[in-house]
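Protein chains in written order, with the UniProt record's numbering: chain A, 1 to 131; chain B, 1 to 540.
One or more of the hints may lead you astray.
Said to hold, decoys possible - So, partial list: chain A residues that the calculated Cβ filter (under 7 Å) puts toward chain B:
(1) PHE75
(2) GLY82
(3) GLY108
As the list claims (entries may be wrong) - With the Cβ distance kept under 8 Å, some of the chain A side facing chain B (calculated, not the full set):
(4) LEU60
(5) GLY83
(6) ILE86
(7) LEU96
(8) GLY97
(9) SER100
(10) TRP109
(11) GLU116
(12) PHE122
Source of the hints: derived by calculation from the structure; they are not laboratory data. Small disclaimer: the values here were computed from a predicted structure and weren't measured. Idealized CB from N, CA, C, for every residue including glycine.
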Amino acid sequence: MAADDEPSTKPLRTRVVLGEAATRRRPADRAQADLAEQTPVGEALVKGLMRAQLALALRLAVVVVTALGSLPLLFAVAPGVGGLKIFGIYLPWLLLGVLSFPFLIGVGWAYVRWAERNEQDFIALIRRPEP
Amino acid sequence: MNPYLVPGLIVVVLVTVGIGVYGLRFARTTSDFLVASRSVSPAWNAAAISGEYLSAASFLGVAGLILRYGVDVLWYPVGFAAGYLALLLFVAAPLRRSGAFTLPDFCQVRLGSPLLRTLASVFVVFIGCLYLVPQLQGAGLTFTTVTGGSYVWGALLVGVVVTANVALGGMRAITFVQAFQYWLKLTALAVPVIFLALQWQSDGRPVVTPDAGATFPVATTVVIEQDALVDGVPVEKGQQLSYDAGAPVPEVSTVDAAFGADWLLPGGDGTLFATYSLILATFLGTMGLPHVLVRFYTNPDGASARRTTLVVLGLVGAFYLLPTLYGVLGRIYTPQLLMTGRTDAVVLLLPEAALGGGHLAQLLGALVTAGALAAFLSTSSGLLTSVAGVVFTDVLRAGRGGSVRDFRLATVLAASVPVLLSLYVSNMDVSRVVGLAFAVAASSFCPLLVLGIWWRRLTDVGAVAGLLAGGGASMAAVLITVLGPPLDGWLGDAVSQPAAWTVPLAFLVMIVGSLLTSRRVPHDVGATMLRLHAPESLRV
Chain A
1 MAADDEPSTK PLRTRVVLGE AATRRRPADR AQADLAEQTP VGEALVKGLM RAQLALALRL
61 AVVVVTALGS LPLLFAVAPG VGGLKIFGIY LPWLLLGVLS FPFLIGVGWA YVRWAERNEQ
121 DFIALIRRPE P
Chain B
1 MNPYLVPGLI VVVLVTVGIG VYGLRFARTT SDFLVASRSV SPAWNAAAIS GEYLSAASFL
61 GVAGLILRYG VDVLWYPVGF AAGYLALLLF VAAPLRRSGA FTLPDFCQVR LGSPLLRTLA
121 SVFVVFIGCL YLVPQLQGAG LTFTTVTGGS YVWGALLVGV VVTANVALGG MRAITFVQAF
181 QYWLKLTALA VPVIFLALQW QSDGRPVVTP DAGATFPVAT TVVIEQDALV DGVPVEKGQQ
241 LSYDAGAPVP EVSTVDAAFG ADWLLPGGDG TLFATYSLIL ATFLGTMGLP HVLVRFYTNP
301 DGASARRTTL VVLGLVGAFY LLPTLYGVLG RIYTPQLLMT GRTDAVVLLL PEAALGGGHL
361 AQLLGALVTA GALAAFLSTS SGLLTSVAGV VFTDVLRAGR GGSVRDFRLA TVLAASVPVL
421 LSLYVSNMDV SRVVGLAFAV AASSFCPLLV LGIWWRRLTD VGAVAGLLAG GGASMAAVLI
481 TVLGPPLDGW LGDAVSQPAA WTVPLAFLVM IVGSLLTSRR VPHDVGATML RLHAPESLRV
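Full structure from sequences and hints, please.
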């Protein structure tokens, strides 16, 4: 009843810290610290990943460019190829109108698979146990 | 007029506004409006990206081009789809990891140059308008073709619906609206095609290019729209010509189209340069379209951005199988379009022309028209969202702390210019202008993104020089093509299909400019590259 009692019944103030900030700590192992602190080792690791991803992308781009990009030239140089019929459809119509789309999707599917594998390898490299 | 048409169009507009209002219930903060709070699942996101991407040029223009020119223009749909593969290979995951919402944001993150940011904003607005004006014009032309109403009302109607939807619902609503519109567009082309194919079977599989030349399938009356020579005989504008069923289709001198082997087999009039230029523009232009990039921010991380892009490639590829069939069947059932030159209307007119005037034909006709409306609505909404985003952050300088009211103001500002332009410039060619927008995007943002993501030595000076050289040259080529006199010979090819020289030019200037100013490489490039390429799970 007395006004003096009231402060003692109130719960004590507690300090709340954002979960993310509370768990943030220095990287546990060497490689992760290298990454975070931009040491030459960390830089080299990132460069390796970039090179792997770029090489993969360029390789698949070359596949697409040779497969699709050579077609106009082929049809211009050898008009006979354009006149071929398969299942009653002229080859250029079949190649461009139908088959090019599953081909593009297939290349994209392969890229996603391999790019993710590159990243898994990179994570494994960073997280490997110290010798 | 088709009795199912008006109800069909009203349903599309109501559902679009309805989903927009439904989305409004969730959109509470500016961040919700701009980026859908980054909580859109990959399946929704992929359908939304596809719905946004498949514009009037894809829905109507590709079939019209194939009807007119045949096998040579199949590179348009192939290139429109392959653009997503280039985006997937070189841009998708790193761009998402950069955290950039718009292209100017990316310039800020990577090179930290205010000048480059401003320049990028100019290009975003230019490409956005270049792409938005023909969408609204296409809407107006479709309105005229289908209902006989006025062009101005069609363009205004779509303009107002889109502006209201973007201003009220922002991007969260747009995500749902556009996912719905992808499936609507696919259905609107896929269902009629089944009936069209059955009809073609029951008609005894007529040949697409008969040796004796095309003939009218039924008695047809054609109104000639310009003074021309019809099979060498002069005909005045507005004159009606009647043909019996089985009569040969004459050639009209004012309509540029391919016939016989020219249409059926590759080569023909299109030079090799123009074909390769088109391939380059469409393959590399997609990644530089402002409304496409904004979408990637709504993926939770880089890996899901990649998966989303792959799903988009599948959805877009499935869609592009269909316009070809419309173009080919249009050759048999709507040959009069080759006389009037209104080939873009083939998708709208084919169901009723092939299946007769019954209820089924009218229903299918209303369905494709609803799909066309969805195509205008979704692409213009996406473009408007991204142009408004740039106006919001870079012109009004509102930044991330800006209010929802500022975003609405930005939307109205961004919409007013293209809507007014579309009312006063009505003779621009729809599919050609869209192709030019790809060329500008391929020669400005493609080199900036690819070099920015994969090459550490890019500098702000090099990037600005490259943007000005490649983007400026392609912009000039676009303006000459659209506004200037017609050009012939190699100069005409180089100006009307500029990508083959402007894309290499942009890359070259950007690389040489960066090497010459190598001291200006940002000191934090290592940290930026780590952020762009390392998987999110390693973030420290």
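Against the structure, the hints:
no.: 1; hint: PHE75; in the structure: holds, 4 Å
no.: 2; hint: GLY82; in the structure: holds, 5 Å
no.: 3; hint: GLY108; in the structure: holds, 5 Å
no.: 4; hint: LEU60; in the structure: holds, 6 Å
no.: 5; hint: GLY83; in the structure: holds, 6 Å
no.: 6; hint: ILE86; in the structure: violated, 14 Å
no.: 7; hint: LEU96; in the structure: holds, 4 Å
no.: 8; hint: GLY97; in the structure: holds, 4 Å
no.: 9; hint: SER100; in the structure: holds, 5 Å
no.: 10; hint: TRP109; in the structure: holds, 6 Å
no.: 11; hint: GLU116; in the structure: holds, 6 Å
no.: 12; hint: PHE122; in the structure: holds, 7 Å
The structure is inconsistent with hint 6 alone, although it conforms to all the rest.
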